[in-house]
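Protein chains in written order, with the working numbering: chain A, 1 to 347; chain B, 1 to 295.
In short, the hints are calculated from the structure, not lab data.
In this text the structure is predicted, and so the values were computed from the model without any measurement.
Idealized CB from N, CA, C, for every residue including glycine.
Some clues are possibly wrong.
Quick list of in silico lysine-lysine cross-link-like pairs, DSBU-like style, CA-CA up to 35 Å [as the list claims (entries may be wrong)]:
no.: 1; chain 1: A; residue 1: K244; chain 2: B; residue 2: K267
no.: 2; chain 1: A; residue 1: K244; chain 2: A; residue 2: K172
no.: 3; chain 1: A; residue 1: K310; chain 2: B; residue 2: K267
no.: 4; chain 1: A; residue 1: K219; chain 2: B; residue 2: K289
no.: 5; chain 1: A; residue 1: K310; chain 2: B; residue 2: K289
no.: 6; chain 1: A; residue 1: K337; chain 2: A; residue 2: K23
no.: 7; chain 1: A; residue 1: K219; chain 2: B; residue 2: K30
no.: 8; chain 1: A; residue 1: K310; chain 2: A; residue 2: K337
Among the chain A residues that face chain B by a calculated CB cut under 10 Å, a handful are [to be verified]:
no.: 9; residue: Y126
no.: 10; residue: A130
no.: 11; residue: F167
no.: 12; residue: T169
no.: 13; residue: I257
no.: 14; residue: A261
no.: 15; residue: V305
no.: 16; residue: P308
no.: 17; residue: V319
Spelled out from the first residue to the last, the chains are:
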Amino acid sequence: MRCGDFKDNYIADEAIFPSIFVKFWLILFFVFLLILPFIGGSYILYVANLIGVAVIGAVGLNLLTGFTGQISLGHAAFMGVGGYTLAILITRAGFSFWLALPCAGLMSAFIGLFIGITSLRVKGLYLSIATLAAQFIFGFLFIRWESLTRGIRGINIPPPRIGSFLFDTEQKFYFLTLIVTFLAVAYGRNLVRAPTGRAFVAIRDRDIAAEIMGINLFKYKLIAFAISSFYAGIAGAMFVSFMKLITPPHFPFSLSIQYLAMIITGGLGSILGSIFGAVFMTLVPEILNLTTSYLNQIVTGFETVFNPLKETVFGVLIVFFLVFEPRGLVAVWYRIKRFFLLWPFSY
Amino acid sequence: MDILPQLLVSGFVAGGVYGLIALGFVIIYKATSVINFAAGQFMAAGAFVCWTILSFSSAPIYLALLASIGFAVLLGVLVERIILRPMIGEPIISVIMVTIGLASILIGLTHLIWGMEYRTYPRPIFPPQPLDIGFAVIPSGLLWGFIFAMGGMGIFMIFFKYFRTGVAMRATASDQQVAMSMGISVKRIFALTWSLAAVASVVGGVVISNISGISIYLGDIGLKVLAVIILGGLDSIGGAILGGFIIGILENLIGVYLDPLVGGGTKDVAPYFVLVVILMIRPYGLFGKKIIERV
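Just chain A, with the same shape it has in the complex (with noise of 0.2 Å):
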């Protein structure tokens, strides 16, 4: 049994994946993800491509509030932003799906620079009201400023195509997604071992000690609403092109909380939290509703109850979370590999 952690050169040292073991688990996790659609229901393929656009975002989230420190409310009103420069760009200005992606992506990214610019001024809880501020602004302007948006009608978006090849049922989007996630996580999981995420790390814990040491706190500030905003755009592109529709009331102020929720449950400040966290806070909703609908053929009315309930758990599994176990799901992963990792020995 391997016990203990013996490195013998560098490269070892800052491998992404420590072990032959490690390597091995991650491989078969990958042949069951690519065998999933075949076995899966449409219902489970529905919330797996749920989870994957959770992860993208819950990924940018983290890179900006639990890798940076800089809180953010307003992480829906970037994933509406990318979600409508997609709509946007592809019936009106005939885009294709591929060229309108990353395009919506970086006009979030172009917003989030804009709003971290506020972060110059101000810091932790004044920036959080920054962003909230904003999050309302742009529910705002997603609903009245209908020449672009179209309002509360919404705007329709058709599935993305190769060729002939149509994007349009959630078996075929689950490999498209499958490929978005990958790079987004695997461009994370490499940017925070990276300079730029030691940076962040750095501004997180002690800012002020950071620039004396030369680090450029305004620059790294703006990257990370960058990158967290590019994150959150692709997130939200993703999500209304599976939904093949995009209205303002996608993104409300309580997708912001939930975005938030995913990465306090999961872990702030590690990628793996992010996954877990989008895995955890997605299946919530969708096991509540299947028991709400299940108890609903026991005591009839119970599924009116579904959405306030919905809100107190969240509330209850954040507070839950922050008071019992503040470093969030992954530490508990931790736990339970170290404890079988230094078996018998675990004390």
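Please arrange chain B on chain A, whose structure you already have, making use of the hints.
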């Protein structure tokens, strides 16, 4: 242009009410350096409780109000005990998130218990005649809200300045450890702080819902009040009051003059625009203290 004095007056009066709600935020921030994102939900919960008391009993108005205040105290103590006490010493993002989680819980619970419909009070809480001051008319809801708000703020200011417990709260806000060494029970002060803030929020909630009805959207007003406290400075009571007036007036002006251009809805989003502008120009607000950080 003769609608302008009316706008200014009703904005001013509404601003007084915003100031009262802002007080709920500022009290907590002053004592514990925490922004309570759930204050809006305290308002909504208090308004619903008051409505329930008024609808299901024939208790006189002042008793219902007192009961709502009692509920507020209970809520404040519970929140402090169960949710905030374990968070002492955690980084600020965790505390902010906990209040957001609390807000979520409260939204869900009020929705569950009272449902989504828009309600009004079965009996008018305040005398219904409006006040006519010559160049403007103040509707009764706003008028009495303003009176309550001013009264409430006056009481708070006197409390903080002249009463021992008020001074103890200011001492705890300034430096917890020194306050403890002086014999002030910081835990009790925290509980008291949250109770007082809850009372301010609940009274504000009852007053506002008297004007615009009770629904779960009452909580969004709490978020609007964030603009008020940022404008005034997070830890300044006077700033909260002044900020309330300014935002109240600005909101009315922007609502009337910009709504036709955009098709409505500007009144709700105006405070957020103001917020962004203030954060760019003067982040610590009119009277807030600049935070000096040391490595």
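Consistency of the hints with the structure:
1. Taken as a hint, the K244 (chain A) and K267 (chain B) pair is honoured in the structure, with Cα atoms around 32 Å apart against an allowance of 35 Å.
2. For the hint linking K244 (chain A) to K172 (chain A), the alpha-carbon distance of about 14 Å falls within 35 Å, and the restraint holds.
3. In summary, the hint linking K310 (chain A) to K267 (chain B) is supported, as the alpha carbons are separated by about 30 Å, within the 35 Å threshold.
4. Annotation: proposed proximity of K219 (chain A) to K289 (chain B) holds, straight-line Cα distance about 27 Å (limit 35 Å).
5. Of the supplied pair hints, the one linking K310 (chain A) and K289 (chain B) is violated, its CA atoms being roughly 39 Å apart against a limit of 35 Å.
6. For a cut-off of 35 Å, the pair hint linking K337 (chain A) to K23 (chain A) stands: about 15 Å separates their Cα positions.
7. Between K219 (chain A) and K30 (chain B) the CA atoms are separated by roughly 32 Å; this keeps the pair inside 35 Å, and the hint holds.
8. For the suggested pair K310 (chain A) and K337 (chain A), the alpha carbons sit about 31 Å apart, so the restraint of at most 35 Å is met.
9. Hint status for Y126 (chain A) relative to chain B: holds, with the closest Cβ pair at about 6 Å, below 10 Å.
10. A hinted interface residue such as A130 (chain A) counts as satisfied when its beta carbon comes closer than 10 Å to some beta carbon of chain B; here the least separation is about 5 Å, so the hint holds.
11. For F167 (chain A), the interface hint is violated, since its Cβ never comes within 10 Å of a Cβ in chain B; the closest pair sits about 35 Å apart.
12. Taken as an interface hint, T169 (chain A) does not check out: its beta carbon lies about 34 Å from the nearest beta carbon of chain B, beyond 10 Å.
13. For I257 (chain A), the shortest C-beta to C-beta distance to chain B is roughly 6 Å, which falls under 10 Å, so the interface hint holds.
14. Annotation: A261 (chain A) was flagged as interfacial toward chain B, and the flag holds, the nearest CB pair being 8 Å apart, inside 10 Å.
15. A distance limit of 10 Å between C-beta atoms decides the matter here; for V305 (chain A) the minimum to chain B is near 6 Å, and the interface restraint holds.
16. The closest approach between the C-beta of P308 (chain A) and any C-beta of chain B is roughly 3 Å, which is under the 10 Å cut-off, so the hint is satisfied.
17. Proximity of V319 (chain A) to chain B holds as hinted, the smallest CB-CB distance being about 4 Å (cut-off 10 Å).
When held up to the earlier numbered hints, the structure conflicts with 5, 11 and 12 and fits the remainder.
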